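Hey, can you work out the whole structure from these sequences and the hints?
Residue numbers 1 to 260, in the numbering used here, belong to the letters of the sequence shown in order.
FYI, nobody ran anything at the bench for these hints, they're computed from the structure. Check the hints yourself; a few may be wrong.
Claimed, not checked - Label-pair ranges, simulated between beta-carbon atoms:
no., residue 1, residue 2, range
1, Arg166, Asn238, 19 to 25 angstroms
2, Lys29, Tyr98, 21 to 27 angstroms
3, Glu20, Asn238, 34 to 40 angstroms
4, Tyr54, Arg166, 27 to 33 angstroms
5, Lys150, Glu20, 35 to 41 angstroms
Please read these numbers as outputs of a predicted model, since none were measured by experiment. Every residue, glycine too, gets a C-beta built ideally from N, C-alpha and C.
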Amino acid sequence: MAGYIDVHCHLTGGEYGNVEEMLARAKEKGVERVICSAFDLDSSYAAAELAALYKEVYFCAGFHPSELGKYQDGDLERLKPLCELEKCVAVGEIGLDYHFEDNPAREVQRELFVRQLELANELGLPVVLHSRDAAKETLEILRANKGLLKKGGLMHCYSYSSEMTRDFLELGLYFSFGGPLTFKNAKKVQEAFQCIPAHRILSETDSPYLTPVPHRGEFPNEPKNVKHVVNYMAELRNENEEELKTQILQNAKTLFFRLK
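Have a look at this one:
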């Protein structure tokens with residue numbers, strides 16, 4: 001019987017109190033693996049430390065577009081030793097975020113997005129992609145740099161339309177869904193989810209945020225809640241949850257080839 005996997009969560013911010021106890025709660029709910037996503041240099045190192053401490057934890061290293069104000073010359077070189085570690089499964093999360101007016105300048109976001117795609121290609125790793133209110137430019141950059149996506153990529157916490165989904169599918173990308181898929185008003189996300197082939201779907205929590213139904217509004221969200229996401233996925237697609245869970249784990253191992 002396959003366990004659940006949370007392919008995108010944030011474990012380095014101190015929201016959970018005791019991380020070991022939080023991971024134990026996840027294990028009690030059948031969550032066998034979690035991927036801790038970084039958002040800057042410090043969180044990349046912290047995620048690597050957690051992965052070294054706990055067998056079930058893997059990690060990504062990279063700069064989130066909203067955090068590029070912290071970026072200093074040479075930081076991508078400083079990420080390389082982390083990315084070469086056995087339990088680093090991807091460069092991420094990287095991309096574009098145009099949601100908040102005080103986010104880093106768009107040209108800075110675009111430049112660092114491409115440079116991190118280049119880093120992933122150089123290291124032979126997939127990428128974990130963050131894209132918020134930037135669908136068109138994200139697609140344009142990925143199409144223009146398709147040659148850098150040889151190891152694939154994941155559109156995490158996917159929220160764009162069915163029409164955009166087909167364009168991202170053509171690039172060979174995977175898609176992960178978390179709490180927002182379970183929200184009552186999430187028709188657009190649910191429609192997009194329905195048109196994605198089963199072999200491209202992954203499950204996440206994006207914890208400590210975006211807690212799924214039936215615990216929506218609770219904070220912090222935890223990896224243990226990924227089971228609610230997968231349960232809802234199975235209901236939406238009228239599929240057997242056990243079979244879907246097995247498929248998701250296989251998908252994760254295909255994309256994140258360092259995953260054991």
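Hint check:
1. Evaluation of the 19 to 25 angstroms hint for Arg166 and Asn238 yields a pass: the beta carbon distance comes to about 22 angstroms.
2. Distance hint for Lys29 and Tyr98: a CB-CB separation of about 35 angstroms, inconsistent with the stated range 21 to 27 angstroms.
3. Taking 34 to 40 angstroms as the suggested C-beta distance range, the pair Glu20 and Asn238 conforms, at roughly 38 angstroms.
4. For the pair Tyr54 and Arg166, the supplied restraint of 27 to 33 angstroms is violated, since their beta-carbon distance comes to about 38 angstroms.
5. At about 37 angstroms, the beta-carbon gap between Lys150 and Glu20 stays in the expected band of 35 to 41 angstroms.
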